[in-house]
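Novice: Chains A and B supply the protein sequences, listed in that same order. Here this note's numbering is used: the first residue of the first sequence is 1, the next is one more, and so on. Here this note's numbering is used: the first residue of the second sequence is 1001, the next is one more, and so on.
It cannot be assumed that every hint is accurate.
Claimed, not checked - Derived pair list, reagent style DSS-like, types lysine-lysine, alpha-carbon separation capped at 27 Å:
(1) B/Lys1078 <-> B/Lys1108
(2) B/Lys1108 <-> A/Lys13
(3) B/Lys1073 <-> B/Lys1055
(4) B/Lys1055 <-> B/Lys1078
(5) B/Lys1108 <-> B/Lys1055
(6) A/Lys57 <-> B/Lys1108
What the hints assert, rightly or not - Restraint ranges, calculated between C-beta atoms of paired labels, are given here:
(7) B/Asn1058 <-> A/Glu52: 31 to 41 Å
(8) B/Asp1081 <-> A/Thr20: 22 to 32 Å
(9) A/Ile12 <-> B/Ile1046: 43 to 53 Å
(10) B/Pro1009 <-> A/Ile12: 25 to 35 Å
(11) A/Arg99 <-> B/Gly1085: 27 to 37 Å
Please keep in mind that the hints were generated in silico from the structure rather than gathered at the bench. Note that the Cβ used here is the ideal one computed from N, Cα and C, for glycine as well.
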Amino acid sequence: KAGVTQTPRYLIKTRGQQVTLSCSPISGHRSVSWYQQTPGQGLQFLFEYFSETQRNKGNFPGRFSGRQFSNSRSEMNVSTLELGDSALYLCASAPQRGRPGETQYFGPGTRLLVL
Amino acid sequence: AQTVTQSQPEMSVQEAETVTLSCTYDTSESDYYLFWYKQPPSRQMILVIRQEAYKQQNATENRFSVNFQKAAKSFSLKISDSQLGDAAMYFCAYRRGMNRDDKIIFGKGTRLHILP
């Protein structure tokens, strides 16, 4: 099976712009989670989607949003970009949700640089 | 709130030697999972090992083993016979077992260097 894919891999934006990142989970996986990774804060949970519904949300401002499509692909959007949004954004998929011990399968990430 | 602390931002070990990465966590729960994830440079993060809190036996996966001290809330990772391919950022993570809505909480990571 193909792994989790994320597009684009690299992105440069300027402050005030918006950006959309895409994640395709492993075939058959229905849960998609997003994380922001920065050197100072490590990995921070953004949100989780399952069956096209947001099931859980981290402590991020409303500028961060996401959605999931019927084929389980997910997008996240960041509006009005700030310098502090520069980070590696990771997507992870799992077959189901509600299984806390389940392995999360991570994508390669999208590295976003905000100038 | 649950927290995960990795007190060693960076570590180095000689190839073929053994190294132990530390992780402590704070929780009032009794049912939970602990994980170690590995993120090699410019490569995808993968699960190294997982431990269920109810299991007293320490998990082992080939050269990777954990020392799970539930009372002390400590979950260290031991890598035996270190190899160059072990160089990576290692993240300790916690997830509560009872609530399906709970998210995974990660530590800030330990960057491991392997010296040839």
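Novice: Confirm or reject each hint.
Specialist: Okay, the hints, checked on the actual structure:
{"no.": "1", "hint": "B/Lys1078 <-> B/Lys1108", "result": "18 Å, holds"}
{"no.": "2", "hint": "B/Lys1108 <-> A/Lys13", "result": "26 Å, holds"}
{"no.": "3", "hint": "B/Lys1073 <-> B/Lys1055", "result": "14 Å, holds"}
{"no.": "4", "hint": "B/Lys1055 <-> B/Lys1078", "result": "18 Å, holds"}
{"no.": "5", "hint": "B/Lys1108 <-> B/Lys1055", "result": "25 Å, holds"}
{"no.": "6", "hint": "A/Lys57 <-> B/Lys1108", "result": "19 Å, holds"}
{"no.": "7", "hint": "B/Asn1058 <-> A/Glu52: 31 to 41 Å", "result": "40 Å, holds"}
{"no.": "8", "hint": "B/Asp1081 <-> A/Thr20: 22 to 32 Å", "result": "44 Å, violated"}
{"no.": "9", "hint": "A/Ile12 <-> B/Ile1046: 43 to 53 Å", "result": "28 Å, violated"}
{"no.": "10", "hint": "B/Pro1009 <-> A/Ile12: 25 to 35 Å", "result": "28 Å, holds"}
{"no.": "11", "hint": "A/Arg99 <-> B/Gly1085: 27 to 37 Å", "result": "29 Å, holds"}
Violated hints, in rising order: 8, 9; the structure is consistent with all others.
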